[in-house]
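> Quick mapping for you: the protein sequence lines, in order, are chains A and B.
For the first sequence, my numbering assigns the number 4 to the initial residue and increments by one for each residue that follows.
For the second sequence, my numbering assigns the number 4 to the initial residue and increments by one for each residue that follows.
Simulated from the structure, these hints should not be mistaken for laboratory data.
This one's a predicted model, so the numbers in the text were calculated from it and none came from an experiment.
Any given hint could turn out to be false.
Copies of the same chain look alike in the list, so a pair counts if it works inside one copy or between any two.
Said to hold, decoys possible - Derived pair list, reagent style SDA-like, types lysine to any residue, alpha-carbon separation capped at 25 Å:
1. Lys16 / Arg50
2. Lys16 / Thr117
3. Lys323 / Ala164
4. Lys244 / Phe155
5. Lys16 / Asp237
6. Lys136 / Ser90
7. Lys157 / Asp318
8. Lys16 / Ile113
9. Lys16 / Gly49
Protein chains: 2
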Amino acid sequence: MAVYTDVDDIELKAFVANHGLGDLVSFKGIAEGVENTNYFVVTTTGRYILTLYEQRVDRADLPFFLGLLDHLAANGIACPTPIKSASGEQVTELAGRAAAIVSFLEGFCIHSPTATHCRDLGQTLARLHHAGKSYTLTRPNTLGLAGWRPLFAKFKNDADAITPGFSQLVADELNWLDENWPNDLETGIIHADLFPDNVFFLNDKLSGLIDFYFACNDAFALDVAICLNAWCFDNSDQFIKDHGAALLAGYQSERPLSSNECASLPTLCRGAATRFLLTRAYDWLNTKQDALVRPHDPHHFLKRLQFHQQVTTPDSYGLKTNA
Amino acid sequence: MAVYTDVDDIELKAFVANHGLGDLVSFKGIAEGVENTNYFVVTTTGRYILTLYEQRVDRADLPFFLGLLDHLAANGIACPTPIKSASGEQVTELAGRAAAIVSFLEGFCIHSPTATHCRDLGQTLARLHHAGKSYTLTRPNTLGLAGWRPLFAKFKNDADAITPGFSQLVADELNWLDENWPNDLETGIIHADLFPDNVFFLNDKLSGLIDFYFACNDAFALDVAICLNAWCFDNSDQFIKDHGAALLAGYQSERPLSSNECASLPTLCRGAATRFLLTRAYDWLNTKQDALVRPHDPHHFLKRLQFHQQVTTPDSYGLKTNA
């Protein structure tokens, strides 16, 4: 939620010219994105988003992320398209940072999604999974099953400050997930962070996906489970079955889930809830009280995890199998 | 440098429609402005800036500020123009805040102004002073001479933490200013904060002025002195006489300074430096170390004040009188 790096107008003019984008007309720092510095840039050729990569993004991952945007855009997914420099590079330097400039997407995120939005999202997610199949670079999921224990180890001694019993609950859940995690599901490129604030709508139709900085290779159905967690709970963390049914129907209209994926859905939903519970708990415990970036309250994902723990069959999510 | 208030898409759609601006296309929080929350808004009719007024701006002052923008724009000054609501109001409510939406200005601020930029700025400042003469609302300068002692009293006991002897230096300066301040200069609407980051250029021509939230009634020549402080020192706080000469020549091309104003310039420059020294010293001492908004280092204005203290005639600023 902050600009971390200032850009000099003279440097930016040269950067814009070097990317064949004409003359600079306006630029403003955007108060979005905790990881990087983002500017909204207007030139005589159009509107763009400039990103300066701060330390939290591994520079070695940038070719994967930017190549993915390029690949997805070329394969019909509405997402920011990287603009190459005169020498053909997607990542150059600006203000002492690795920098990339991408096309501007119209639309805005929806604070209170409806079932219609969820259906649209599910359909686009399946299209994203199809489009990613021909992408040749790969990136492991650093926040997948293998990443959860090391992350939990960083704060488990302080974890009961969130709520009494928190540490034991998570330890038990990690054991259960290790024993029950499905390892034979179809994998490919997943977004892995497709919350409503990363999805734009225009006139109530999905207009684009943003923020691919958690994208990686993992089970497609895990991405579905992440979206069920992110889109289908109300403000009291009650599951909205109509939203789940719409999201799953939208997804299956483009990519029917296998019987194995269907059966694994409750387990994947528990894993997805655990992943966000862990990162939010860590940030909650490690963000200074007066920081302007407010961490998300981890209690929401605690309640969502507890919901999934009660689920025994995927019908609870509104799944209608094609059988 | 932060968005303080989140806006809901449904509320914003209604707000945009109520201001006759068509359908919402995009909106992004802008990481500019410490006092208020600003959003860049695109609709089917154009680009706008939405401001939600946070507690640091006195709501009773909003009719003065927004009326002034309207008046100046109607009188040929390039500045944001308030868009009225269906019922004719410049200030309405959004997200529990007083809110206004204004036209978007093309251009961007210059990090390292040249003499040409300074001349352009001086000329526009004089035009602003002329254009403000027919504005009927008034607002006292709360950060003018009478405001400096109360502000200093808030931190003078801690002031030597900035540099040894700081407190005595400021106390002496305030006494000197009280004795020497000119009270017979022409007054009118002044911007009072026309630093380079509040002035946009496009193709190296001045394209607009922003951020009028310190505008008030005071001596026109004080505004000139503020600009000499803000535009005519290099990064080592050395005065650049060519910049001063260009700024003053630009100003005088539209509004020649009276002999009284010319003679008062060194005193007004000391006062202007003291005003920014005081607010920056206060912010420096009262901003938490890990806040994302970094306060300006007050030492720059200490050095500028010390420069002005050595000045005996306005020629030192590059002033060429018309006599």
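> State for each hint whether it applies.
Okay, the hints, checked on the actual structure:
no.: 1; hint: Lys16 / Arg50; result: both (14 Å within a copy, 22 Å between copies)
no.: 2; hint: Lys16 / Thr117; result: between (42 Å within a copy, 16 Å between copies)
no.: 3; hint: Lys323 / Ala164; result: neither (40 Å within a copy, 69 Å between copies)
no.: 4; hint: Lys244 / Phe155; result: neither (30 Å within a copy, 61 Å between copies)
no.: 5; hint: Lys16 / Asp237; result: between (45 Å within a copy, 22 Å between copies)
no.: 6; hint: Lys136 / Ser90; result: neither (28 Å within a copy, 54 Å between copies)
no.: 7; hint: Lys157 / Asp318; result: neither (36 Å within a copy, 65 Å between copies)
no.: 8; hint: Lys16 / Ile113; result: between (34 Å within a copy, 11 Å between copies)
no.: 9; hint: Lys16 / Gly49; result: both (14 Å within a copy, 24 Å between copies)
Taken one by one, the earlier hints fail for this structure at numbers 3, 4, 6 and 7, listed in ascending order.
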